[in-house]
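Working from the sequences, and respecting the hints, build out all of it.
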Amino acid sequence: MAKIPSQNTRSLKSFGVVGLLHENCKIYYDSVFTVRHIGRISDLLVAKLKGTVPDELKFRALLLQSLYEAYRQQNKASQKKPGEPLGEPLTIECGVDGEKIAIGISFAVQEDELQGLATVAHRVADRKPSNTLETLLTELSQDADHLIFRAHPELKRVEVVSMLSLAAATSASDENERSFEVVILETEKSEEALKGEYIELGDLDYHRLLADDSIQSSALPKPATGEILAGKSELETSIKLRGEQQTDSSSVTISGVTQNISEDQSRVSGGQTPAETNSSTVVSGNTPLENKQVEFYQQKVEQLQAKIRELEHQRATSQTVVAGTSAMAASQSTSLAPGQSIADDQLTVKNNNLNLRELIEKVWPFKKSAAEQPVVAQAVAAAPAVPSQPVVQEAPVAAAPAASAEKEEEEETAEEAAAASIDTTRKIVTDEVGSIERTIAKVQAEAQDIKKTLGNPKAQKWVDGMVGELVTEKARIHEMAKKVNVSLRQKELEFRNKEHVLQEEVRKRDEQLRQKAHSFNRSREQLTQLQIQLDRIKATAPPPGEESQARQKLNLSQKLLASVKDENQGLTQKIEELKNQLATAQSASKTKTQSPDFQALKLKYERLFKQSEEFKRTNGQLMEKLNEAQRAAKTPGMNPEELKKRLDVSMRLAASYQKESEQSKLRVDELQREETRLKTELARVGNAVLMLKRASLVPKPPGSGSDSGSGEAA
Amino acid sequence: MDFTQRKLPVEAASSLRICQLETVKPYALMMAPIYVYMRRNEKYVSIKGPLDFFTPEELERLKPFEIVFMPPFVDSVLPFRQVARRAKAILHWDPSSGGKAALPPAPYELSDAILRVVGPLWSPDHYLEPFFVSIFSNEFCELLPGDELLEARDRDLELYERGIFISSWMVFLSLHLGITDTDYLNGLRLRSFRKVVGTEVSEEGVLAFQDELFDLLDQLLPGDTVYQRLGIEDFAERSERVAQKIVSRLKRVQTSLTDTTFKKASVWGEKGFING
Numbered sequence: 002m003a004k005i006p007s008q009n010t011r012s013l014k015s016f017g018v019v020g021l022l023h024e025n026c027k028i029y030y031d032s033v034f035t036v037r038h039i040g041r042i043s044d045l046l047v048a049k050l051k052g053t054v055p056d057e058l059k060f061r062a063l064l065l066q067s068l069y070e071a072y073r074q075q076n077k078a079s080q081k082k083p084g085e086p087l088g089e090p091l092t093i094e095c096g097v098d099g100e101k102i103a104i105g106i107s108f109a110v111q112e113d114e115l116q117g118l119a120t121v122a123h124r125v126a127d128r129k130p131s132n133t134l135e136t137l138l139t140e141l142s143q144d145a146d147h148l149i150f151r152a153h154p155e156l157k158r159v160e161v162v163s164m165l166s167l168a169a170a171t172s173a174s175d176e177n178e179r180s181f182e183v184v185i186l187e188t189e190k191s192e193e194a195l196k197g198e199y200i201e202l203g204d205l206d207y208h209r210l211l212a213d214d215s216i217q218s219s220a221l222p223k224p225a226t227g228e229i230l231a232g233k234s235e236l237e238t239s240i241k242l243r244g245e246q247q248t249d250s251s252s253v254t255i256s257g258v259t260q261n262i263s264e265d266q267s268r269v270s271g272g273q274t275p276a277e278t279n280s281s282t283v284v285s286g287n288t289p290l291e292n293k294q295v296e297f298y299q300q301k302v303e304q305l306q307a308k309i310r311e312l313e314h315q316r317a318t319s320q321t322v323v324a325g326t327s328a329m330a331a332s333q334s335t336s337l338a339p340g341q342s343i344a345d346d347q348l349t350v351k352n353n354n355l356n357l358r359e360l361i362e363k364v365w366p367f368k369k370s371a372a373e374q375p376v377v378a379q380a381v382a383a384a385p386a387v388p389s390q391p392v393v394q395e396a397p398v399a400a401a402p403a404a405s406a407e408k409e410e411e412e413e414t415a416e417e418a419a420a421a422s423i424d425t426t427r428k429i430v431t432d433e434v435g436s437i438e439r440t441i442a443k444v445q446a447e448a449q450d451i452k453k454t455l456g457n458p459k460a461q462k463w464v465d466g467m468v469g470e471l472v473t474e475k476a477r478i479h480e481m482a483k484k485v486n487v488s489l490r491q492k493e494l495e496f497r498n499k500e501h502v503l504q505e506e507v508r509k510r511d512e513q514l515r516q517k518a519h520s521f522n523r524s525r526e527q528l529t530q531l532q533i534q535l536d537r538i539k540a541t542a543p544p545p546g547e548e549s550q551a552r553q554k555l556n557l558s559q560k561l562l563a564s565v566k567d568e569n570q571g572l573t574q575k576i577e578e579l580k581n582q583l584a585t586a587q588s589a590s591k592t593k594t595q596s597p598d599f600q601a602l603k604l605k606y607e608r609l610f611k612q613s614e615e616f617k618r619t620n621g622q623l624m625e626k627l628n629e630a631q632r633a634a635k636t637p638g639m640n641p642e643e644l645k646k647r648l649d650v651s652m653r654l655a656a657s658y659q660k661e662s663e664q665s666k667l668r669v670d671e672l673q674r675e676e677t678r679l680k681t682e683l684a685r686v687g688n689a690v691l692m693l694k695r696a697s698l699v700p701k702p703p704g705s706g707s708d709s710g711s712g713e714a715a
Numbered sequence: 022m023d024f025t026q027r028k029l030p031v032e033a034a035s036s037l038r039i040c041q042l043e044t045v046k047p048y049a050l051m052m053a054p055i056y057v058y059m060r061r062n063e064k065y066v067s068i069k070g071p072l073d074f075f076t077p078e079e080l081e082r083l084k085p086f087e088i089v090f091m092p093p094f095v096d097s098v099l100p101f102r103q104v105a106r107r108a109k110a111i112l113h114w115d116p117s118s119g120g121k122a123a124l125p126p127a128p129y130e131l132s133d134a135i136l137r138v139v140g141p142l143w144s145p146d147h148y149l150e151p152f153f154v155s156i157f158s159n160e161f162c163e164l165l166p167g168d169e170l171l172e173a174r175d176r177d178l179e180l181y182e183r184g185i186f187i188s189s190w191m192v193f194l195s196l197h198l199g200i201t202d203t204d205y206l207n208g209l210r211l212r213s214f215r216k217v218v219g220t221e222v223s224e225e226g227v228l229a230f231q232d233e234l235f236d237l238l239d240q241l242l243p244g245d246t247v248y249q250r251l252g253i254e255d256f257a258e259r260s261e262r263v264a265q266k267i268v269s270r271l272k273r274v275q276t277s278l279t280d281t282t283f284k285k286a287s288v289w290g291e292k293g294f295i296n297g
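Respectively, the protein sequence lines represent chains A and B. Each residue of the first sequence is one higher than the last, beginning at 2 in this note's numbering. Each residue of the second sequence is one higher than the last, beginning at 22 in this note's numbering.
Honestly, the hints are just simulated from the structure, not real lab data. Only true hints are included.
Reference excerpt, derived from the structure (chain A facing chain B, CB under 10 angstroms, subset only):
id: 1; residue: Phe-34
id: 2; residue: His-38
id: 3; residue: Arg-41
id: 4; residue: Glu-89
Nothing here was measured: the structure is a model prediction, and the numbers come from that model. Virtual Cβ for every residue (Gly too), placed ideally from N, Cα, C.
Shown next as structure tokens:
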């Protein structure tokens, strides 16, 4: 009997794990095109099912093995090269209910992989697979508590569902309890789809789920060296472990609201902890901690700048000293006569002592003991005044170019000079030390002779003291020489750095110069092109003779324009005059039309019109009377003779009225004719005015020069 | 696509949006009716309808106009185009391109990011009209081949529009289902379009996912209903596996990703282009 029997499943006859689980199942799913992220997917699934999965390793093994083989098979089926993205997504489904976990992956296979489906269960049980697909099934069947293999031969599609029981104690304890089931699906979708709660992996809170396994600050052990409560530096507090960083969901740019997403901000975090990916967060101003850090760094920068200034100052002084030393050496070699320098040993020793002391006084603020003062004073007094004075005076003069150099080229040369002088100084120092040693040896030998010759113990003591002082002086000089060497090395290093910087600058300048030269060349080329174009224009321009003609034409036309303008002014004046004339003529014609005859006729016409109206009215009254008479005639009891008389009278009246009306009609006709005549006269006057107007605008004869303005006015 | 106002008076000038004709690519589906100004008539005359496209010859012929005009309706379409560009940028993001050694985002991270970007496009009542989905997919995917578009449009306009709508829904819903491979989505759109207009030449391998989603859409939007809007309730009524997956994602949109300030867009009514 299988541990997860098929009777517990809802449906086997359709793809998907939903049919193998209860109704209240949850199915986590995702689609992949490559196997690049299957590790992260398995991580997320394990994190989500933490506490549910009895054997995490087995779960991961089943998932990864299935995915790997599914990818290979589908890649082969869609004839893609290994490693290429699939043509169809691989959908991973991981369903869980109260009893079991089902990991299902469906994929396309080639036809030859589906041969002998009826006997595949036996081959898997006997562990004798005939192809790669059966090999996968064999391996999965060893780990899964229950394995279901669905195949759709027509679609060339299969699904492998590995199931794990949630009863951890008994899981995989007995191989006999494992089961394998093969389901061959038909073409039609026979069964209806089943309900389940589907959850896309992207809908999970994957940041939190995957951050669970990282190091939490609370889990860190307390430090054995003690807890510092106050005075922690800000930098220290800002340093945190990855696990300590909190995921601030508000800082994630993709917030689901389209308006808030600007194009340059919408990015996706590639890592598991969004707090690490700066690209996916929006920086909205500095935090207080950042401000403090900025202040801290600003202070640091100020300190370093002060240090640099100090070093610069030191370098300047050392340059001065070095220049002075070299000048001193030069003056020493020139000031002494050839025979004098070697002959007088004592003088040499004194000179050496003096020069070296001067050098040391320049290099180090060396405080000499009070006992030594007379010796130096003696030496100074005994020494000829020639070499020492110019050295001290010349030193700043020699160092002046280096100190006051502003231009970098000068600085560079000064650097080179300084480097050269360092070498000389070093040489001088070693020479000085060697010579003083030689001098001391010589003094010691001479002191022995003097001791022998001088019996005076006072003199012997003085000599001994002298020698002792010389020896201590020698030791001190040795130390000083060491210090000088060290400082020289430091200076050398500084100079080298400076040289580097200057070289860089020189290189930049060179680059700029090159660019400028390039731009200069370009502008030159442009200039030449412009020149060429200018030449072309010149070549295409009309010859000078034509130009003069054109000028003459221009002058002429300008003159003509001026004259035409004058004429225009005259014409406009004339037009004004004519307008006035026209106005007077129009007023005259008006008065003409309003002559007394016309007015009399008009009055007559109106009167007649009124009369005709009255006649019409009386006619109407008569007609009414006639009608009444007719009605009365119809009525009995009326005299017929009276009626006849009345009729005659009325007939006469009617005839007379008719005549009058005809006469008035004739008069009206006459008046109308008179009116038309007057109208024609008025039109004639108007035409005459127009003619006058046109006559005023007619162009003058050619001799007068008004040939263009009239046309425009017309 | 049909629209009401074929001509606009000159007074409409103040509300029209101007588009440079040289920026319009051939065979790109138009977001709104396109008008040109006829000087003699003093009217704006439509030359293209929504979801229509310009051929290279047409663009060449219309070159002297330089600019074309769109109604204010286009403002409600622009967010879809913008979001499509963002979604595309997310899927094409390569963290190692800046010279840094970084792991590319996992599929579930991409799926999450895409849903956060695309989710707010659903109106506050969680419905979406196919026209806007088409605009999204047209911007998100590569343009459909010109010759196929031309042939489909000339043969049967209704079928052409159905092909555009179904193929756009396929891409849009696939993104919701966590499919984040742009090459696959481009192919999916083309195959779906061909399947609807009946010009599919050969099936490339076995495409179970495509078939599942295609069948669902075919059943949800049969015949003329392709112009209807789709929403969470339409998918919730279905029992198919892919419908259940869509519902689970839309529930997340409903609960946490709905943008209440986002104005409901529609092609119908006064603010749309079908208002007669």
